[in-house]
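*Asks:* Those sequence lines, one after another, are chains R and B.
Take any residue in the first sequence, note its place counting from 1, add 6, and you have its number in our numbering.
Take any residue in the second sequence, note its place counting from 1, add 78, and you have its number in our numbering.
Wrong hints could be hidden among the right ones.
[Stated by the list, open to error] If we take Cβ atoms under 10 Å as the criterion, some of the chain R residues that face chain B in the derived model are:
| hint | residue |
| --- | --- |
| 1 | Ala34 |
| 2 | Pro36 |
| 3 | Ala40 |
| 4 | His191 |
| 5 | Asp292 |
[Stated by the list, open to error] DSSO-like, lysine-lysine: derived pairs with alpha carbons at most 30 Å apart:
| hint | chain 1 | residue 1 | chain 2 | residue 2 |
| --- | --- | --- | --- | --- |
| 6 | B | Lys418 | B | Lys323 |
| 7 | B | Lys357 | R | Lys288 |
| 8 | B | Lys323 | B | Lys357 |
| 9 | R | Lys103 | B | Lys187 |
| 10 | R | Lys288 | B | Lys210 |
| 11 | B | Lys187 | B | Lys209 |
I should point out that these hints are in silico values taken from the structure, not numbers from a laboratory.
Ideal Cβ placement from N, Cα and C applies to all residues, glycine included.
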Amino acid sequence: MTIGRRPAERAGLLFVSPYLLFLAVFSAYPLLFAFYLVFHRWDIVSPPVYVGLANFSYLAGDVKFWRALLNTALFLALHVPLQIVFSMLIAMALAEKIAARGFFRAVFFLPVIISGAVVTILWQKLYATDTGVFNQLLACLGLPPVRWLTSTKLAMASIAVMATWKNMGFYVVLFLAGILNIPGHLYEASRIEGASRWQDFRFITLPLLRPTMLLVVVLSTLGAFSLFIEPYVMTGGGPLDTTLSVVLYMYKHAFMFQHMGYASTVGFALALLALVVVLVQKRYLDTEAHY
Amino acid sequence: MAKVVLEKVEKRYAGNAAATVRALDLEIDDGEFLVLVGSSGCGKSTVLRMIAGLIDVTGGRIFIDGADVTRRPPKDRDVSMVFQNYALFPHMDVSDNIGFGLKIRGCGKEETAQRVAATAELLGIGALLDKKPGQLSGGQRQRVALGRAIIRNPKVFLFDEPLSNLDAKLRAQMRAELLKLHRRLKATTIYVTHDQCEAMTMADRLAVLNEGALQQCGAPLEVYAEPKNTFVATFIGMPPMNLFKAELAAEDGACRFRLPGGALIPVPEPLARRLKARKDTGYTVGIRPEHIVPARERRAGPAIACEVELAESLGNGLCLHCLGAGLSFQAALKPDFPVKTGDRIELAFSTEKLCVFDGSGDAVAGAAGD
Numbered sequence: 007m008t009i010g011r012r013p014a015e016r017a018g019l020l021f022v023s024p025y026l027l028f029l030a031v032f033s034a035y036p037l038l039f040a041f042y043l044v045f046h047r048w049d050i051v052s053p054p055v056y057v058g059l060a061n062f063s064y065l066a067g068d069v070k071f072w073r074a075l076l077n078t079a080l081f082l083a084l085h086v087p088l089q090i091v092f093s094m095l096i097a098m099a100l101a102e103k104i105a106a107r108g109f110f111r112a113v114f115f116l117p118v119i120i121s122g123a124v125v126t127i128l129w130q131k132l133y134a135t136d137t138g139v140f141n142q143l144l145a146c147l148g149l150p151p152v153r154w155l156t157s158t159k160l161a162m163a164s165i166a167v168m169a170t171w172k173n174m175g176f177y178v179v180l181f182l183a184g185i186l187n188i189p190g191h192l193y194e195a196s197r198i199e200g201a202s203r204w205q206d207f208r209f210i211t212l213p214l215l216r217p218t219m220l221l222v223v224v225l226s227t228l229g230a231f232s233l234f235i236e237p238y239v240m241t242g243g244g245p246l247d248t249t250l251s252v253v254l255y256m257y258k259h260a261f262m263f264q265h266m267g268y269a270s271t272v273g274f275a276l277a278l279l280a281l282v283v284v285l286v287q288k289r290y291l292d293t294e295a296h297y
Numbered sequence: 079m080a081k082v083v084l085e086k087v088e089k090r091y092a093g094n095a096a097a098t099v100r101a102l103d104l105e106i107d108d109g110e111f112l113v114l115v116g117s118s119g120c121g122k123s124t125v126l127r128m129i130a131g132l133i134d135v136t137g138g139r140i141f142i143d144g145a146d147v148t149r150r151p152p153k154d155r156d157v158s159m160v161f162q163n164y165a166l167f168p169h170m171d172v173s174d175n176i177g178f179g180l181k182i183r184g185c186g187k188e189e190t191a192q193r194v195a196a197t198a199e200l201l202g203i204g205a206l207l208d209k210k211p212g213q214l215s216g217g218q219r220q221r222v223a224l225g226r227a228i229i230r231n232p233k234v235f236l237f238d239e240p241l242s243n244l245d246a247k248l249r250a251q252m253r254a255e256l257l258k259l260h261r262r263l264k265a266t267t268i269y270v271t272h273d274q275c276e277a278m279t280m281a282d283r284l285a286v287l288n289e290g291a292l293q294q295c296g297a298p299l300e301v302y303a304e305p306k307n308t309f310v311a312t313f314i315g316m317p318p319m320n321l322f323k324a325e326l327a328a329e330d331g332a333c334r335f336r337l338p339g340g341a342l343i344p345v346p347e348p349l350a351r352r353l354k355a356r357k358d359t360g361y362t363v364g365i366r367p368e369h370i371v372p373a374r375e376r377r378a379g380p381a382i383a384c385e386v387e388l389a390e391s392l393g394n395g396l397c398l399h400c401l402g403a404g405l406s407f408q409a410a411l412k413p414d415f416p417v418k419t420g421d422r423i424e425l426a427f428s429t430e431k432l433c434v435f436d437g438s439g440d441a442v443a444g445a446a447g448d
């Protein structure tokens, strides 16, 4: 059957055409062009030169790429659990009948709508070794200052904490929806059976939040893989490349060294890796809950 | 098993002027099957939840097995509850659902498995132990919910409209099974329903609630035959009792009720004496549809000529909606009575079955069944 033969179909196509145009120009075309560049060397100015699989073989032996990948993996390992634990705890608190619940729900969502660059600059000030609020608080407690962003051991963890704070509101909303979706009579039944609050959480809330958790894990993992603005603004990838993420590395190759072909290769490798990780996560976390 | 006592129990929600449950006094004997019945929103589920400890009482006290449990949490009351929507844990299989209470109370795995198997066998769901609730039919889910309730051998069973999500046939079947189970376990049971058929057939005693207040508590047939007020009279029984405003008229030494259309109903002698002694003249007279009979049967009061507005055949009976002598009423006749919609027939009230209520709607003592 030919699409668009019926008037309703034609009207439908007309309605979606602006988005299709947007998708074609800003997603499909760049994606296809990037895939084309994977097999080419291109410095933006000169015409692309076909290099076959040379970009891949360079990638395989590129120590800095593997370093960036390791950094990204470390960020993921810190950020995703932090994100899940704190988002869930706050969502559980916000699901309770507490005073000014609506106000707190709005407050926890605020960082999400603030620009990433603004938040990052703000946290840079908080983390500053000499004048930062965190170190001043430590000084009040008589503790020595901590080099939050300039220590090779702490810099990535500091970025992970900041990123967790920035994105938490979004995941709190997801968890809150998941928690509120659990029917109250299940808790009533468990209370009658003698369950404590902890047992309620362990045997009811946690298992029934698995679909939400999968979503949060997948989204925060994808977010972690695309870590860029925080190290770009706060540390520039330092100290000693300890906060150099794959996307930051890709950006540097593309727009600082004009290695567009190699940057595209890094991007595709990262996308492939993210896909594998998400599929593994889905395999272990995917369950269905029937209420 | 245990006796449950409610002493002036009250529930008042903040912001609500009227109490949801008002000064409720009720005693449920050891092993008794008490049904709390009333229309939607009458407070019956609230009463059950207060007994379970799921909501706090705002007045009065609750005793289970002699102990004041008013302020105790649900887990310390030793009750179990079956919910209207089953409240099964969707992520657990049948076995885990049934054994949940035992697991929470630290019962060993082996003992839990044995007791789960025995309970499932008793309820006929032994083959479903590894299924999830989403894979079960309504009736099977109901059995699992029952299994979770009975496995702990609690002192009191609470049922909150447990059959209302089932279809009519399954409801009748489960009703019978619940009764068999109750006879077997001899457990003190409090059962909430708005379905008077369930209430009449299952209860040792019925407690009829309206607007948070107890209207009457007694054996089903006693409540049916001798309703304490007009609410109970119309709530219990299907079709409901016919009620008519009536003036007591004593003429020529005979005592009669004069109905709005002018029809005169003779008052049987013992009742007539009591009514004369009261000095009131305004009453409400009630008669059950099955106590309105064809006039030719001659065992009733004076004939009322009426038109059959609607004849509903129920298979095992005939329900007539009649209009005659200025009265609109329903009569329940035998299924083979030759009548159809639009016919004119003569019916008569079995006056010895009259229920009489005073101006405030309360039954006149000793009137019914006299």
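*Asks:* A separate judgement is required for each hint: does it hold in the structure or not?
*Replies:* Hints and how they fare:
1. Nearest Cβ of chain B to the Cβ of R:Ala34: about 40 Å, over the 10 Å cut. The hint is violated.
2. Because the smallest distance between the Cβ of R:Pro36 and any Cβ of chain B comes to about 42 Å, over 10 Å, the interface hint for this residue is violated.
3. At a threshold of 10 Å, the smallest CB-CB gap from R:Ala40 to chain B is about 42 Å, leaving the interface hint violated.
4. A hinted interface residue such as R:His191 counts as satisfied when its beta carbon comes closer than 10 Å to some beta carbon of chain B; here the least separation is about 4 Å, so the hint holds.
5. Taking 10 Å as the C-beta contact cut-off toward chain B, the hint placing R:Asp292 at the interface is violated, the least distance being around 13 Å.
6. The hinted pair formed by B:Lys418 and B:Lys323 meets the criterion: a straight-line CA distance of about 28 Å does not exceed 30 Å.
7. This hinted pair does not check out: B:Lys357 and R:Lys288 have alpha carbons roughly 82 Å apart, beyond 30 Å.
8. For the suggested pair B:Lys323 and B:Lys357, the alpha carbons sit about 17 Å apart, so the restraint of at most 30 Å is met.
9. For a cut-off of 30 Å, the pair hint linking R:Lys103 to B:Lys187 is broken: about 36 Å separates their Cα positions.
10. Proposed proximity of R:Lys288 and B:Lys210 is supported: the alpha carbons are some 21 Å apart, at most 30 Å.
11. Distance hint between B:Lys187 and B:Lys209 is fulfilled; the C-alpha atoms sit about 19 Å from each other, no more than 30 Å.
The structure fails to meet hints 1, 2, 3, 5, 7, 9 from the earlier list, while all remaining hints are met.
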